[in-house]
Every structure is written in structure tokens, then in C-alpha cells.
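Line order of the protein sequences matches chains D and F. Going by the working numbering, the first residue of the first sequence is number 873, and it counts up by one from there. Going by the working numbering, the first residue of the second sequence is number 873, and it counts up by one from there.
Source of the hints: derived by calculation from the structure; they are not laboratory data. For every residue, glycine included, the Cβ atom is placed at its ideal position computed from N, Cα and C. Each hint should be verified, as a subset may be incorrect.
Here are some chain D residues pointing at chain F (derived, C-beta under 7 Å) [what the hints assert, rightly or not]:
id, residue
1, 899
2, 906
3, 911
4, 941
Protein chains: 2
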Amino acid sequence: MLLAKVYVTLKDSVVDVQGETIKDATHSMGYKNVLDVRMGKYFEIKFDKRTDDFENDIDSICDDLLANPNIESYRYEIVEDN
Amino acid sequence: MLLAKVYVTLKDSVVDVQGETIKDATHSMGYKNVLDVRMGKYFEIKFDKRTDDFENDIDSICDDLLANPNIESYRYEIVEDN
């Protein structure tokens, strides 16, 4: 089996309101050394086998389903998962 | 600077409704080789310097703020970010 680990993050130009809120909360907790927090999504997709256009398939799933290409970018890594 | 990359995922025993929905959607798109999808959260936390109890600090932030320990688990890695 194959496991695709997909990371979807807001583009740098997009204000991350949830991340800002979490940063403020860490400061309230006393962790003044926190400079920035960015929040994203993480997906683990299991495939039973590699297809001919495997990377293209993952790109399509990311573009059409997991990420909003207007405001988010994604990256992924593929690992063997037996 | 230091960057903590935190991955928060549902425990294996917890049904991932969003992941199931995404799996069904991939099948509708024709990707029949998708066996399973799990959805989680991903955080990037920037710190200006390492504190004495740095790993403990990150554990506290994860336990108290980022993850619900009843249903979620987390892991993190720390990288230099200059």
C-alpha cells in the first residue's frame, strides 16, 4: 500500500485568523517566545496501488477536493505503508 | 528561530466522518484505488528561541490548545528556521 501525506496551508498572503487567535492564546498561557502560528489541514490518503499517473491523480484530488487553490497551497509526500 | 510542525489526528478508534466523505468523493471522481482517508490538523508554530523546557512547553500548547486529548493525538517535529 501507499500513503500520501498531504499538507494544505493558507498562502502566505492570506491572513490566518485562527492562527492569530491561537498565537494570542499561547501568549496568555505565558509562552511569550511564540512569534507566529499558522493553521492548516493534514490528510492521510491510503492507496492500494500506484497508478500510471499517480502524482497527477493526487494533484487532482488536492486541487478539486482538499484545497481551495485561491487561498491555499498544498504539498505532499508519498511513503510505502505495508 | 525554531519552527514546530505539529500534526493533530483523530485517534484510530474514532470514526472520521469528514475523511469518509472525502473518500467517497474520490471514488465518485474515479479514483477507485483510494482505500482510506483520514483528516487532521496541521500547525506551524514559530518560536524566537529555545526555552529550558522547550519540549514540555510544546506538549502543554498541544494538550491545552491544539488537540482534544479525548479523541485526538498529536506528534511534532522541531526544525531550525532561519
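Against the structure, the hints come out as follows:
no.	hint	in the structure
1	899	violated (11 Å)
2	906	holds (6 Å)
3	911	holds (6 Å)
4	941	violated (16 Å)
Checked against the numbered hints listed earlier, the structure breaks hints 1, 4; every other hint is satisfied.
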